[in-house]
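> Sequence:
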Amino acid sequence: MGGKNRVRKNEEIRISEIRLIDEEGEQLGIYETKRALYLARGKNLDLVEISPTAKPPVCKIMDFGAFLYQKKKDQKEQKKAQKTHSQKEIKFGIRISDNDFEVRIKKAIKFLEKGSSVKVVLQFKGREFTHPEIGLKRIEEMALALEEIAKQEFEPKSQGRSIVTEFRPLSKKEK
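Here the sequence shown stands for residues 1 to 175, numbered as in the numbering used here.
Since the hints were made in silico from the structure, they are not lab data. Nothing here was measured: the structure is a model prediction, and the numbers come from that model. Mixed in with the good hints, there may be bad ones.
Said to hold, decoys possible - For lysine to aspartate or glutamate, the following DMTMM-like pairs were computed, each having C-alpha atoms within a straight-line distance of at most 20 Å: (1) K110 x E141; (2) K43 x E12; (3) K114 x E89; (4) K34 x E12; (5) K43 x D22; (6) K91 x E153; (7) K119 x E140; (8) K119 x E153; (9) K172 x E77; (10) K114 x E166; (11) K151 x E174; (12) K157 x E140; (13) K114 x E148.
Said to hold, decoys possible - Estimated spans, in silico, between C-beta atoms of each pair: (14) S158 x A81: 31 to 39 Å; (15) Q82 x E128: 39 to 47 Å; (16) D100 x K173: 33 to 41 Å; (17) Q78 x E128: 58 to 66 Å.
Glycine is no exception: its CB is placed at the ideal position from the N, C-alpha and C atoms.
Working from the sequences, and respecting the hints, build out all of it.
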């Protein structure tokens, strides 16, 4: 039970002096732990160690049950806000037909709307690499089609026998 993230309260606090904060958040100064515990009990509240690493440790007078509830609620919110950043990849060659290219754009839009970033890889085969401007033109077409919902992370760059770029969904501020 005595884990690393466990919060100490009341008699579990074994330090002789602590910095005390009352239930309204006002700093009361440095108190003996016994006296602080007496004050907390007088208000039918708990003495909870907030910052054990500080010198002296910081303790607050509060309702421990409400503190745990709030802590769990905050952790849930953080987990919710911590969206899993996934990256999808779309590959095609420079000789892709217009219809297939439209399908790739629709697929990219679908990924971006779900919050994933999209890596676009344009692959060259054989002697196609002697005309990179054709590939860059295709990537520019895709960038134009996606500009309403996505931001291009970096300019298209050459990687081996392909040209790569990445799009990420626009945040609510950027829209």
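> Run every hint past the structure and note whether it holds.
These are the hints, each one checked on the structure:
1. Taking the CA atoms of K110 and E141, the gap is near 17 Å; set against the 20 Å cutoff, the hint holds.
2. About 19 Å separates the Cα atoms of K43 and E12, which keeps this hinted pair within 20 Å; it holds.
3. For the hint linking K114 to E89, the alpha-carbon distance of about 14 Å falls within 20 Å, and the restraint holds.
4. Among the hinted pairs, K34 with E12 is consistent with the structure: their alpha-carbon atoms are about 11 Å apart, no more than 20 Å.
5. A hinted pair counts as satisfied when its Cα atoms are at most 20 Å apart, and K43 with D22 qualifies at roughly 10 Å.
6. Between K91 and E153, the direct Cα distance comes to roughly 17 Å. Compliance with the 20 Å bound is thereby established for this hinted pair.
7. The straight-line distance between the Cα atoms of K119 and E140 is roughly 14 Å, inside the 20 Å bound, and the hint therefore holds.
8. Note on K119 and E153: the hinted pairing holds, with a Cα-Cα distance of about 10 Å set against a maximum of 20 Å.
9. For the suggested pair K172 and E77, the alpha carbons sit about 19 Å apart, so the restraint of at most 20 Å is met.
10. Restraint check: the Cα-Cα separation between K114 and E166 comes to about 16 Å, which is no more than 20 Å; the hinted pair holds.
11. Distance check on the hinted pair: K151 and E174 sit about 9 Å apart at the alpha-carbon level, within 20 Å; holds.
12. Of the supplied pair hints, the one linking K157 and E140 holds, its CA atoms being roughly 12 Å apart against a limit of 20 Å.
13. Proposed proximity of K114 and E148 is supported: the alpha carbons are some 15 Å apart, at most 20 Å.
14. Checked against the hint of 31 to 39 Å, the C-beta distance between S158 and A81 comes to roughly 37 Å, which is consistent with it.
15. Range check, Q82 to E128: about 42 Å between beta-carbon atoms, so the 39 to 47 Å window is met.
16. The supplied range of 33 to 41 Å is met by D100 and K173, whose beta-carbon atoms lie about 34 Å from each other.
17. Between Q78 and E128 the beta carbon distance is about 48 Å. The supplied range of 58 to 66 Å is therefore violated.
Taken one by one, the earlier hints fail for this structure only at number 17.
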